[in-house]
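Participant: Listed below are the residues making up each chain.
2 protein chains.
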Amino acid sequence: LSFDLVEAWIRDNPKASICTPEGAYNFKNIANFQDYHGLPVFRNAVARFMEKVRGNRVRFDPDKIVMSGGATGAQETLAFCLADPGDALLVPTPYYPGNDRDITWRTGIQLLPVVCESSNEFKLTHEALESAYKKAQDSNIKVKGLLLNNPSNPLGIVLDKQTLTDSLNFTNDKNIHLICDEIYSATVFSQPSFTSIAEIVQENENYNRDLIHIVYSLSKDLGFPGFRVGIIYSYNQTVMNCARKMSSFGLVSTQTQHLIATMLSDSDFVDRFIDESAKRLGKRHGVLSRGLAQVGIGSLKSNAGLYCWMDLRRLLKEPTFEAELDLWRVILNEVKLNVSPGASFHCS
Amino acid sequence: LSFDLVEAWIRDNPKASICTPEGAYNFKNIANFQDYHGLPVFRNAVARFMEKVRGNRVRFDPDKIVMSGGATGAQETLAFCLADPGDALLVPTPYYPGNDRDITWRTGIQLLPVVCESSNEFKLTHEALESAYKKAQDSNIKVKGLLLNNPSNPLGIVLDKQTLTDSLNFTNDKNIHLICDEIYSATVFSQPSFTSIAEIVQENENYNRDLIHIVYSLSKDLGFPGFRVGIIYSYNQTVMNCARKMSSFGLVSTQTQHLIATMLSDSDFVDRFIDESAKRLGKRHGVLSRGLAQVGIGSLKSNAGLYCWMDLRRLLKEPTFEAELDLWRVILNEVKLNVSPGASFHCS
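Chains as they are written, first to last, in the numbering used here: chain A, 10 to 357; chain B, 10 to 357.
Derived by calculation from the structure, the hints in this document are not laboratory data.
For chains that are exact copies, the list does not tell them apart, and a pair is met inside one copy or across any two.
Here are the simulated DSBU-like cross-link-like pairs (lysine-lysine), alpha carbons at most 30 Å apart as the crow flies:
| # | residue 1 | residue 2 |
| --- | --- | --- |
| 1 | Lys37 | Lys288 |
| 2 | Lys37 | Lys345 |
| 3 | Lys345 | Lys254 |
| 4 | Lys345 | Lys326 |
| 5 | Lys37 | Lys24 |
| 6 | Lys292 | Lys37 |
| 7 | Lys151 | Lys254 |
| 8 | Lys170 | Lys292 |
| 9 | Lys183 | Lys73 |
| 10 | Lys153 | Lys254 |
| 11 | Lys24 | Lys229 |
| 12 | Lys61 | Lys229 |
| 13 | Lys61 | Lys170 |
| 14 | Lys345 | Lys292 |
| 15 | Lys254 | Lys229 |
What you are looking at is a predicted structure, and each value in this text was computed from that prediction instead of being measured.
Between the sequences and the hints, there should be enough to build the whole structure, so can you do that?
Facilitator: Written out as structure tokens, the structure is:
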């Protein structure tokens, strides 16, 4: 969306690359470096960037930054750290279908849906959480944690402070982990603004911090999915140490660490990029949602992320997942648009 | 070792980087790209490079190249693909201690040593293989494969063709997998030259190719451990498909793929680099082993890799692992040299 800004910055900052005449003297040191902690300048720059996209309302400790192969790797690594085969994580619906593969495939853990309903705009309620937890207990499944995605993929909305606090109270009371996936945190384009779980944690010392973990990535907020920059930020020293050892399977290329470190250390550029990116995202989302409204298609009022949650129920032949799939095929094959059906997000 | 050649090449090839004025027009496409197959030019260049370091005696199909987060990730991915928790892989001793972590930690599989002896220069014999296999059977452990490291870390020697053929006959007869870790294949600095398992496979159509897999990396042969370029080359389509899906946890940064693709496509540069690197490696190894000989320390006659296997037995107080550790502490703390004791490589 805002690659023109990045490209201009790159032309202006030849030292950011170890492959320019200005930066090549660094090539040997960088290509040779493979400490699991990552380049100190990289961790530091990422921590400052994470603070910035959270309105500088929280502090992040660079020493708690653990690298991973994208958010994909971060999710799996945390799952390996927090749960044993057969254990479960709760996940509110609708949720990103990739979780089913990333988190469960090799770890042997399972995801249990916390059913949220379109009737109240998918609000995550205490009842829904308790009900999912009880259902697991009744089936003798050990629940090890709750996974939140904020801003939400696919809904494109932020979780409000009250919902975050309720969720944290719930996990703290049950003595289970809370994983907050905040990979869309810099994509908020209108009110309400984004609240990180880090803010709730910082404001209240009564929570057991050992149970709180954040997943981050630069794939969405900067638009660099190819660079595979994933981050685990854990308040739990043991989890952090373990995750860092596991990061050997998905370290970020030092060439990329070096570039990102230099780019994100340029505070003026970062400010400009975040502002401009939000503006452009809001503009495009407005065009899309207004266009849909003009042809009578409603969509969830959203304020973040790259998604638009459309209500196509009136185009269904009947209110079933089969009919939804039939409609999806028509849209894909005739309209040539690849939208994702609600069923793929575990909607009920 | 030969970074001066790389740095000179980089200065001469600004288009290889998406962060130079000459290459930045590619930034958007590259940073955005995240297909698990990798950039086609990258796979193609790596396949050609793998052929070159094997003396162009074999062909590699770029479509069988699967990316991974270094050889570390490649080993684990293959282990996930080939074995279930509790299953085992045989590994000739002495072997790289990192295998214990990389291959077993999260997969739940185990490594069983095939005992090779210093008395016959650690030759891998049919008897040793059969004995390890039988021992596993007697303990009701399912052996799923044999892992070879060629050239050897830590011995710094290549496996001869007969040993490779015998090993392949063994695994083929038992219907178990053969994984050949060839990450040091371009480090051969004197005779005999390197024989890849790919040559044996290519010469004989009677082997079940579905049981044969190669691990590769650019961390040693080019000296870029920070870039995390690992490769799985499998002759088994199902394993390849599965490994490619798992590669989502450790993809190579597209920025690095792009650089490597351009660099390895320059055939003159690659020829020069391989030649010069081998020369310098041989020279340094000669200095080290002659120096050791002058003070009466023998070492295994080696011809590849970055290692020197010293015989310090006459400095031991007694022939035990405890005495070895005592000597190691003296060398570390007083001589300030971090050599690795034989016990860490599972010597018997």
